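Assemble the whole structure, with the sequences as input and the hints as a guide.
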Amino acid sequence: MKPAVTASRRAAIQAGSLAGLVALWWAAATAAQSPALPGPVAVWAAFLEQVATDGYFGHLAATLARVAAAFLLAMVIGSALGIFLGSRRLADHLFGGWLVFLLNLPALVVIILCYIWFGLTEVAAIAAVSINKIPNVTATLREGARALSRDLDEMAWVYTYSTTRRIRHVILPQMASYFAVAARNGMALVWKIVLVVEFLGRPNGVGFQLHTYFQLFDVATILAYAIGFIIVVLAIEHLLFEPWERYATRWRR
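Heads up, the sequence shown is in this note's numbering, so the first residue is 23 and it goes up one at a time.
Calculated directly from the structure, the hints in this document are not laboratory data. Computed from a predicted structure; not experimentally measured. Each residue gets a CB set at the ideal place from its N, CA and C atoms; glycine is no exception. All the given hints hold, so there is nothing to weed out.
Now the in silico label distances, taken between C-beta atoms and shown as ranges:
1) F140 - L256: 29 to 35 Å
2) L112 - A34: 50 to 56 Å
3) P225 - A53: 37 to 43 Å
4) F140 - R206: 26 to 32 Å
5) L127 - P57: 35 to 41 Å
6) R31 - P225: 43 to 49 Å
7) V73 - S109: 44 to 50 Å
8) A257 - A49: 23 to 29 Å
9) L256 - L142: 27 to 33 Å
See the structure below:
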């Protein structure tokens, strides 16, 4: 059996990989010598310049607030729908086609329709992001509900587990990995869609700033905003999602 990779070694490997990516970026920028592909130093300078202004963290906070609201809404609704469809065959047959349709509905169409129906409002923005994410969560959790062990379920009935105890000790441990996948994919998808929503119709946020600097053809500042937001998302991944997944799946070891 191969020895497990320690956390420190895994962190070192990831850091080395990111350093290699930065080196490739620097080499490509040096070879291009074009303002359309600024190097890491130029982007870092633009980042520091933006941080020094009063609006940077305000725009970042506005985007994170929209991401959090849409993410939580999509996870709650999508999880409930996914578990319902996965555990009810008739419901899955009735609404499975709806799910396929929503999964393939372009995100941009949903955003435009929400802005037309609800106006250029915060409700429309969060609704557009949530509607785009809910089908993905539903599909993932539906597969999790389908994979639940019937043997464990029968054992819970034999030992007369209450509904609460059955959910806590039988269903949720088996669904933990599916929740983790839905959450990870959800975060990656939600923040990208939020930027498009802000780009098209909000007066603040990272997406709004990207639109502003796109008009100025300022690629360095565009990348500075993108990288700043990516750092926050990576912090959420490593500080929240990974520890939660390890805790939730500890029963498998």
